[in-house]
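Visitor: The chain contents come next:
There are 2 protein chains.
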Amino acid sequence: MNKIGIIGTGLIGTSLGIAIKRSILKDIEITGVDLEPSFSKQARKMGALDKVGRTMVEVARGSDILFICTPVMVIKDVLETVGGELKKGCLVTDTGGTKLEVMRWADMFLPNGVDFIGGHPMAGKESHGPCNAEPGIFEGKAYCVIPKTGASTQSVDALVKIIKSLGSTPFFIDAAEHDSFVAAVSHLPFIVAASLVNTTSNSPQWGDISKLASTGFRDATRLASGDPIMHRDVCLTNGDSIVHWLTQYVRQLEHIKELIGSRDSNRLDELFETAFEKRGLWLSGLNFPESIHRKDVPSVPNFSQIMFGERIANKLFKAKGNQSKKDDG
Amino acid sequence: MNKIGIIGTGLIGTSLGIAIKRSILKDIEITGVDLEPSFSKQARKMGALDKVGRTMVEVARGSDILFICTPVMVIKDVLETVGGELKKGCLVTDTGGTKLEVMRWADMFLPNGVDFIGGHPMAGKESHGPCNAEPGIFEGKAYCVIPKTGASTQSVDALVKIIKSLGSTPFFIDAAEHDSFVAAVSHLPFIVAASLVNTTSNSPQWGDISKLASTGFRDATRLASGDPIMHRDVCLTNGDSIVHWLTQYVRQLEHIKELIGSRDSNRLDELFETAFEKRGLWLSGLNFPESIHRKDVPSVPNFSQIMFGERIANKLFKAKGNQSKKDDG
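Quick note, the sequences are listed as chains A and B, same order.
Numbering-wise (this note's numbering), the first sequence opens with residue 1 and increments by one.
Numbering-wise (this note's numbering), the second sequence opens with residue 1001 and increments by one.
No lab work stands behind these hints: they were computed from the structure.
Keep in mind that the hints are not guaranteed to be accurate.
[Stated by the list, open to error] Here are the in silico distance ranges between beta carbons for each label pair:
(1) 35/A with 1025/B: 53 to 63 Å
(2) 1270/B with 29/A: 39 to 49 Å
(3) 64/A with 1266/B: 36 to 46 Å
(4) 1112/B with 255/A: 43 to 53 Å
(5) 1037/B with 254/A: 33 to 43 Å
(6) 1037/B with 251/A: 35 to 45 Å
(7) 1262/B with 81/A: 26 to 36 Å
Cβ atoms here follow ideal geometry from the backbone N, Cα and C, with glycine treated the same way.
With the rest of the complex left out, here is chain A (with noise of 0.2 Å):
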């Protein structure tokens, strides 16, 4: 019998506790705890527990691969409590979405003869809390993970194991490649979404305005209702790669401000029609790992045909071509 531990029974915690429980995994028991003693309850009554841990130090002590699924300025604390209490030869990892600061952490607070090996799903949802929990939300996705240096190949093959059984595709990457990746295509999304919100809704007349937002500033702001202590504790611990991405994107907006105070039609135009082909090859899976790549989703033309038209399909194949030269070359 495998003892897992989940500490931090939110959103990540519980759905992961539901997909190994459902999983192709036997003989796994789960025990989970949370600071919010409603949070474990939900996660056991949905299916991720099958007990609950009085103390996170219980979890702990009773793991042979323990999962911290808090928000990121937490697994400090929780690294700290727990170091001294750990089985010899167990493996813990997290969840959190920046990992340079983790990484450091574990060097801290871990003893030797535990294997620490950071993890990072590539999944999530605007609503938070174990009664959002969904165990599909990992299928397809990449799962981030960044052994520590010394972690025994056993460990790695384990926790590899378990991302398969989520239907996720381990992804090895270092801690700092890392953040910055994800401060790119994670991070400065929800800031520009929170931003968006912020800025119109300040406007006295906002009451008015919002009258007129639809499903395009719906979707365009999906992210600023994600949990905002996940959202600052990633600012706290990927600041500079975040303030990086930060300033080339408010480079990106002041270039287009000038275009359009000028009223500069073909530039407007190359930099939309831009964006468009970036976004639609990156949709049509080019720029994913076959891996990754799910088998249903039909290839391009085929898929831009369903989502853009036969024009544009037309489009980004030719795009597509160069692209592969490019590569190839």
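Keeping the supplied structure of chain A fixed, place chain B upon it in accordance with the hints.
Guide: For chain B alone, kept in the frame of chain A given last:
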């Protein structure tokens, strides 16, 4: 029999045609035309048109009510071309995303005896072209109505009747206010999305970065897959309002950048909490007029409980109390 003409049978024109044909309105014949002949054929095949016209002049001549559903900049050419060919007493309307310029063109090119009413359905999809048309996109949405000075009550009533038959709610508004409001909630969001795609995909490491982009990035950038020509035309005809909002937005981003730079935990927390709550309030329909508020959407706090869980629902519920008090005062 009412003869309706549709010039421009892309996503909106075709969706409109299908929605009218399936509505409770009877004895309506719709003729349509598009610069791209395959578009009008497709629109007819999908049930949006009874007949395909040969030229826009032919369609205009035969219409009691003429919808111009082209990109904004094309509306000018259409008005100029058909202005002298319209029946006396006919109603001309459009579906363009900006209104000040359109109203000015209508002034310039339409003769006395023709009524013009600017229109703007707050409906859309990121995909375009007639094959993506859906009659349901108008349902539950605001539809802006801007009658030109001197438009007859009869014409206004006729348009309102059609708008209601689509399931939309007519929203009377001044052209300048319209352009400023939609710059905030429609135009700023697509610029934000396109800039996010261009900033990230400009990176030489985009091939790897994009592997970590997930549902958050997908939704935050959805509007970047809208029609580039439509986006360009909106920027060309609503530049001043957009630049105003872009300036506010960049100011907000610089503010966040500072807070992140100084690791200001409290104020970052506050900022994300504000965005979270403001979006929650908007979503829960508090800012929508009753008429747009769909009956099957549960009220706060029930709706919020589904979305956010109980703790947050209570918070929103308190915020609602304050909001109502403010509105009353």
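Visitor: Please go over all the hints and tell whether each is borne out by the structure.
Guide: Here's how the hints hold up against the structure:
1. 35/A with 1025/B: 53 to 63 Å: With Cβ atoms ~58 Å apart, the hint holds.
2. 1270/B with 29/A: 39 to 49 Å: holds (41 Å)
3. 64/A with 1266/B: 36 to 46 Å: holds (39 Å)
4. 1112/B with 255/A: 43 to 53 Å: At roughly 45 Å between Cβ atoms, residue 255/A and residue 1112/B fall inside 43 to 53 Å, so the hint holds.
5. 1037/B with 254/A: 33 to 43 Å: With Cβ atoms ~41 Å apart, the hint holds.
6. 1037/B with 251/A: 35 to 45 Å: holds (42 Å)
7. 1262/B with 81/A: 26 to 36 Å: The hint (26 to 36 Å, Cβ to Cβ) holds, given that residue 1262/B and residue 81/A are roughly 28 Å apart.
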